[in-house]
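*Asks:* For reference, the chains in residue letters:
Number of protein chains: 2
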Amino acid sequence: MSRDLPFDKARDARGRPGEFEVIDTFFAPLAASAIGAYGLKDDAAIWQPTAGHDLVLTVDMLVESVHFLPTDPADLVARKLLRVNLSDLAAKGASPLGYLLALSLPARIDGAWLSQFAEGLALDQRAYGVSLWGGDTVSTDGPLTLSVTAVGQVPTGQALRRGGGQVGDDIFVTGTIGDGALGLKAATGMLDGLDEASRAQLIQRYQLPEPRVAFGPDLLTFATAALDVSDGLMADLGHLCDVSGTGATVEANCVPLSEPVARLLDMDRQHLVPVLTGGDDYEILFTARPGQEAAIQSRACEKGLRVTRIGTLTDKASGLRAVDRAGAEIVLAHRGYTHF
Amino acid sequence: MSRDLPFDKARDARGRPGEFEVIDTFFAPLAASAIGAYGLKDDAAIWQPTAGHDLVLTVDMLVESVHFLPTDPADLVARKLLRVNLSDLAAKGASPLGYLLALSLPARIDGAWLSQFAEGLALDQRAYGVSLWGGDTVSTDGPLTLSVTAVGQVPTGQALRRGGGQVGDDIFVTGTIGDGALGLKAATGMLDGLDEASRAQLIQRYQLPEPRVAFGPDLLTFATAALDVSDGLMADLGHLCDVSGTGATVEANCVPLSEPVARLLDMDRQHLVPVLTGGDDYEILFTARPGQEAAIQSRACEKGLRVTRIGTLTDKASGLRAVDRAGAEIVLAHRGYTHF
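Those protein sequences? They're chains C and P, same order as listed.
Under this note's numbering, the first residue of the first sequence carries the number 1, and numbering increases by one thereafter.
Under this note's numbering, the first residue of the second sequence carries the number 1, and numbering increases by one thereafter.
Just so you know, these hints were derived from the structure itself, not from any lab.
No experiment lies behind these values; they were computed from the predicted model shown.
All C-beta atoms, glycine included, are put in the ideal place defined by N, C-alpha and C.
Hints may contain errors.
Some chain P residues near chain C, calculated using beta-carbon distances under 7 angstroms [unchecked claim]:
| no. | residue |
| --- | --- |
| 1 | 45 |
| 2 | 47 |
| 3 | 57 |
| 4 | 59 |
| 5 | 61 |
| 6 | 63 |
| 7 | 158 |
| 8 | 162 |
Given only the sequences and the hints, what does the whole structure look like? Please build it.
*Replies:* See below:
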């Protein structure tokens, strides 16, 4: 691990830890279980691949005030950083192995923050069975900027892709949709009409997505295409359709909602827009050939995971549509965070 | 590749390209030769490992005004970003395969900058035989922040480490030392006494290190330990000694110098300090059992690379020392960029 930290050699007057202390105290323990990470005392990590497997690699960068709020607790920021990457791996059907961490730290980041950040990583490393393989830590005059490159493995040639969906495939999502977008509204004080517990539930979902790591490899049995919902349900379905060469129709009334979001929609149907187009859900959107639903539901049930069929892949000419209970198209100004 | 870019859908009034144009025009061509990158149309890259090889992974983050100058041309920034990572792989004895790129872009970054940045990457991809595997691009209010995770391979179990050096080993470096640190001084107007061509040569070396990619795998034949010189010669030798459990004596007069740096030392012996302790050389520092020098020089000659023996690993109690021609210790305030 590189040691180009905005810290002095020793503890300073404010009790800010020295640079070696930062690596040794906070980060080296996170690498203890990875043989090839060499306790972060080397410039690179070594991984001996498992025979019969491909590696899957993904990178995500989070910037303070863009992807998380400056007031978000450090442990939640750490866990979100790791989880958004684990979500990408799960959507490929991959099992996670390890990750490399790059941190650009403003001067206000102190030992207490780093300690809490490392605690968050440690918690999720145990939860998802991954280790820190290596990293780089640098100083910045700008916002806190965090990047994780996550590595997973999948049986050779079996990784799921965005392409692969066929006309007639059923469309499924895991978990519930809309909590991320409405949780952000709640966290920034832009959401009225909910009791405190429901607000807290939505904010938690925004701050701490639940990557479907345990279910990812199950997808290999039946999914034709998959990706995780980060840009927004319709935008991400659009990505899948673009690469698969299909259209899609989403039955909006089938989209699975958490109780707080269902209540918001009962109060004001306009909340359907952030549900369909908001981002940050980190659920898996996948397609499967017709007739697979019973097998899928059985597997989901074993994993204690809600999986819901929300529509059908159509021919490309039919485009990407969301329809209401009566089959009438719901007009959306745009599909999601990524503008079309 | 994620598409969370600070760009509008279409070209704006200033001719700033749309977000799809950025990925498709600038970055997708860099991924064209990597099957598992899927033209950056997916969330993750797939790599089928080569039988009999371990993977080597490393990450580096560069921040504007910390690691490169705001006035540095975009293509040189791109190439430096890639090269500092390739240097880490070479020092493990690994051959590079591909890389993932994370960019945090301030609003002033326009299509012209990105085009030049991508041109720099394309040039070095060809030079070093690597492809872009994936990436993430986000917006920031802060300085331009760039991160590369590079992946290479090495025959199973053979990756070189910082540890492995033994008392009595010869210490070698590739290329010349000190150009990076004195090049930075030249680039920031803090270096007098050189003609324009020499100044330009040093600045180029600072802006564009030459990772020893072709020589890296040769190290597997004879090196006991290796790392690249990024923190500074003495600091990095200190890292090698710390992990190897040895001391080291460097014969300062043997440290290989470029012509401009040799001339600077002739003018003022004080320039020896940045040579021994300055960073950013990205040469490989390695150790080998005694009696190997002829074989090493023969191999280096084949690759057209200068390799120089600069000292010996000693017992730990002797510490880390630089000595002059007469064998007297040269006192250095600190070892390099990483303060001890």
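*Asks:* Please list, smallest to largest, the hint numbers that this structure does not respect.
*Replies:* 7
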